[in-house]
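Undergrad: Here is what each chain is made of, one letter per residue.
2 protein chains.
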Amino acid sequence: MSISVKVRGCIERSSWIRKMFEEGAQLRAIHGEENVFDFTLGNPSVEPPEAFHRELRRLAENPEPGMHRYMNNAGYETTRAAVAEVLSEKSPHPVGAEHVVMTCGAGGALNVALKTMLNPGEEVIILTPYFVEYKFYVDNHGGVTREVWTDRETFQPDIDAVEKAIGANTRAIIINSPNNPTGVVYPAATLQALGEMLERKQKELDRTIYVISDEPYARISYEEQVPGIFRHVKNVLIVTSHSKDLALPGERIGYLAANPMMNEVELFMEGAVFCNRVLGFVNAPALMQRLVTGLQRASVDIEEYRAKRDLLYDNLTAMGFAMVRPEGGFYLFPKSPLADDLEFVRLAQKHNILLVPGTGFGAPGFFRIAYCIDAAIIHRSLPAWERLAEEVGL
Amino acid sequence: MSISVKVRGCIERSSWIRKMFEEGAQLRAIHGEENVFDFTLGNPSVEPPEAFHRELRRLAENPEPGMHRYMNNAGYETTRAAVAEVLSEKSPHPVGAEHVVMTCGAGGALNVALKTMLNPGEEVIILTPYFVEYKFYVDNHGGVTREVWTDRETFQPDIDAVEKAIGANTRAIIINSPNNPTGVVYPAATLQALGEMLERKQKELDRTIYVISDEPYARISYEEQVPGIFRHVKNVLIVTSHSKDLALPGERIGYLAANPMMNEVELFMEGAVFCNRVLGFVNAPALMQRLVTGLQRASVDIEEYRAKRDLLYDNLTAMGFAMVRPEGGFYLFPKSPLADDLEFVRLAQKHNILLVPGTGFGAPGFFRIAYCIDAAIIHRSLPAWERLAEEVGL
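Which chain is which? The protein sequence lines are A and C, in order. Count along the first sequence from 1, then add 228; that gives the number in this note's numbering. Count along the second sequence from 1, then add 228; that gives the number in this note's numbering.
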């Protein structure tokens, strides 16, 4: 065999995704691009804010000597200071540039965080339904994931269930709010309860247990500001990217930031800078670091997303689909009207509606809708949804 | 303990590098930036070619919708096709876009290649003196490095020694030509001998043994074109970046390309695309992919580097330093006049000359000079080199 046994296994197990993808491409070829309603990808259709384009033009027209060279593996001091300044507003203790490492997106930040903390066989708790990449990221660094279901009606973390899952081998818990795939936002009281439970468990077990707070959707929140987690949890890292708030997913720009009050925070940051280097990221892309420095308060227009959420939520619930009303992100995670979510997704495909089954998030019996697509497509899809609802007897 | 035991160990073992770095910063503070001669970093002082700046202005002024979104994890088809077209010119079999994955630099490409191929405990041969990151990259994916010395006079690969090191657990050998730290270029005959030996060993052991050809300096070659390795080795991957040829090290743009004749090449590329995704790179930075598409034949002016090589080589050998005359890259790797290269490097520091000891490349008794710095600094450093030579009795 010429490739890794584990990688070959992963490819084989994910062949159904490729098959779905190929069937989608076939549908487009048959019915035309505009008649296929693709709700599968978290790839924002919006463009970056005008401030981004302006800054890109300014840098292109006024190149500074050395602006494409290596810098410190942590990233530019000015960029990290700009990130820290904004984070400080939601932190009881001032965040400094030294608490921030610029990374190749949140995917890079998660891998850096996990490599920095994990010893072989240590456990990382993930909350079901979960973003499937978490399992690969933990495995990359010799860790083991432990899945804990959120409340099945609200998708809020079940703090008692998390507490029961914590043992002598637990190193971290990954949370994600606003959540992919459910769109729910965790309120301050929940984060506070999580922080208090973890304080107790860490004392009991005499070990550091980190919260890794994956926050790429933090600025896409409809009801109120997403609470600042540094206020509620001590040993916590924020990992995030500008993929959603500045609509730059292809540019791989994000960061990892540690709570200044974290245990041995200086050592952790030294480890993170080292891991950013030896994982082959080396540093976050230089030009993008410069570009986002002045855009730490900028964001795409979330009213567009809110309108799309309302359009789909209102129409689909009226048709009889059952789902939690999401307060952020750009996903809906309804219950599958058929017990088998894969069967339901296949049925939807016959109506030219492309969806991801809940099974892909460890949550059979649900399906995910990504509504970060053109509103026109959503409008055009409604009659197909009607027919689908009818076919499954809603 | 709150970080990984292994990472903590790495940080502690590399503390001498940080110490050297801090001492260098101190020297600058005392003597002034222009009086410290820093030969430690492979961070090109040249700027990207004008064609790069032109293309950046064009893209900034004419943004295309969706140009910052996710694309296929392998990268843009057009970018990969442009890379493949240039690679095909030095390949006996046409290279296609399907044989190329765009990556976050050569560091990204190496990690993707290693994760795709390695099972736990499998061995990767590296040639001493070696680029120290190779050891971390192999370890990231559960592999074990096996060091084989090159010829100690010429720094050319010792094919017999490599053959003796190959066993039932060998999965790959990493080569790097033009070489960091020695500057030597491997001639076609050597690559041919390596390829033939590997054909024999692979049959004998009934397993695939890859060559990973790390080629970021391929366009910085003074005597003749670096030979195309697809002509000489069957199971070979090229990993490279535009860090040196387009002077874009901070932008993290490079690629992995497989010989179209490689065993199960389609499966390998599928694995590589998967690994690019799950390692958290996701895709190479989008804007940089667009920028390098039209620059596959562009390069910084290598005559500048040649002049610097000649200036240093001629002057230092005249002073009595012994070294191989490098045919590429931007490094010199002289013998240390003192048996202890760390002691010699400390002595050089007293003359405000900053160097990296050979020990950092697994090769005690040598030291590395990176001459990718301003010619004016090199000129100003010559009297200091004279004094250093005198002090060590050359």
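For the record, the hints were derived by calculation from the structure and aren't laboratory data. A couple of the hints might just be wrong.
Any copy will do: because identical chains look the same in the list, a pair fits if it lies in one copy or spans two.
Think about it this way: if two alpha-carbon atoms lie no more than 16 Å apart in a straight line, the pair counts; the simulated EDC-like pairs of lysine to aspartate or glutamate are [stated by the list, open to error]: (1) Lys363 to Glu261; (2) Lys247 to Glu451; (3) Lys247 to Asp388; (4) Lys234 to Glu292; (5) Lys247 to Glu498; (6) Lys234 to Glu498; (7) Lys234 to Glu350; (8) Lys563 to Glu275; (9) Lys563 to Glu427; (10) Lys431 to Glu619; (11) Lys431 to Asp568; (12) Lys392 to Glu375; (13) Lys563 to Glu351; (14) Lys563 to Asp266; (15) Lys247 to Glu452; (16) Lys578 to Glu614.
Undergrad: Using 16 Å as the alpha-carbon threshold, which applies to Lys578 and Glu614: within, between, both, or neither?
TA: within (13 Å within a copy, 80 Å between copies)
Undergrad: With identical chains treated as interchangeable, where does the CA-CA distance between Lys392 and Glu375 reach 16 Å or less: within a copy, between copies, both, or neither?
TA: within (12 Å within a copy, 47 Å between copies)
Undergrad: Cα distance capped at 16 Å. Does Lys431 pair with Glu619 within a copy, between copies, both, or neither?
TA: neither (55 Å within a copy, 59 Å between copies)
Undergrad: Under a CA distance limit of 16 Å, which applies to Lys234 and Glu350: within one copy, between copies, both, or neither?
TA: The answer is between: 13 Å across copies meets 16 Å, while 19 Å in one copy does not.
Undergrad: For the identical chains here, do Lys563 and Glu275 meet the 16 Å Cα criterion within one copy, between copies, both, or neither?
TA: neither (31 Å within a copy, 55 Å between copies)
Undergrad: Up to 16 Å between alpha-carbons, please classify Lys247 paired with Asp388: within, between, both or neither.
TA: neither (39 Å within a copy, 47 Å between copies)
Undergrad: Reference check for the pair Lys247 and Glu498, CA-CA at most 16 Å: within, between, both, or neither?
TA: between (43 Å within a copy, 14 Å between copies)
Undergrad: Go through the copies and call it for Lys234 and Glu292: within, between, both or neither, with a Cα cutoff of 16 Å.
TA: For Lys234 and Glu292, neither the intra-copy (45 Å) nor the inter-copy (39 Å) Cα distance is at most 16 Å.
Undergrad: When no copy is named, should Lys247 and Glu451 be tagged within, between, both, or neither for a Cα gap of at most 16 Å?
TA: Neither: 38 Å inside a copy, 50 Å across copies.
Undergrad: Can you tell me if Lys363 and Glu261 fall within 16 Å by alpha carbon in one copy, between copies, both or neither?
TA: neither (33 Å within a copy, 48 Å between copies)
Undergrad: With 16 Å as the alpha-carbon cut-off, assign the pair Lys247 and Glu452 to within, between, both or neither.
TA: neither (39 Å within a copy, 47 Å between copies)
Undergrad: Quick one: Lys563 to Glu351, C-alpha cut-off 16 Å, is that within a copy, between copies, both, or neither?
TA: Answer is neither: 30 Å inside a copy and 48 Å across each miss the 16 Å cutoff.
Comparing the model with each numbered hint stated earlier shows that hints 1, 2, 3, 4, 8, 9, 10, 11, 13, 14, 15 do not hold.
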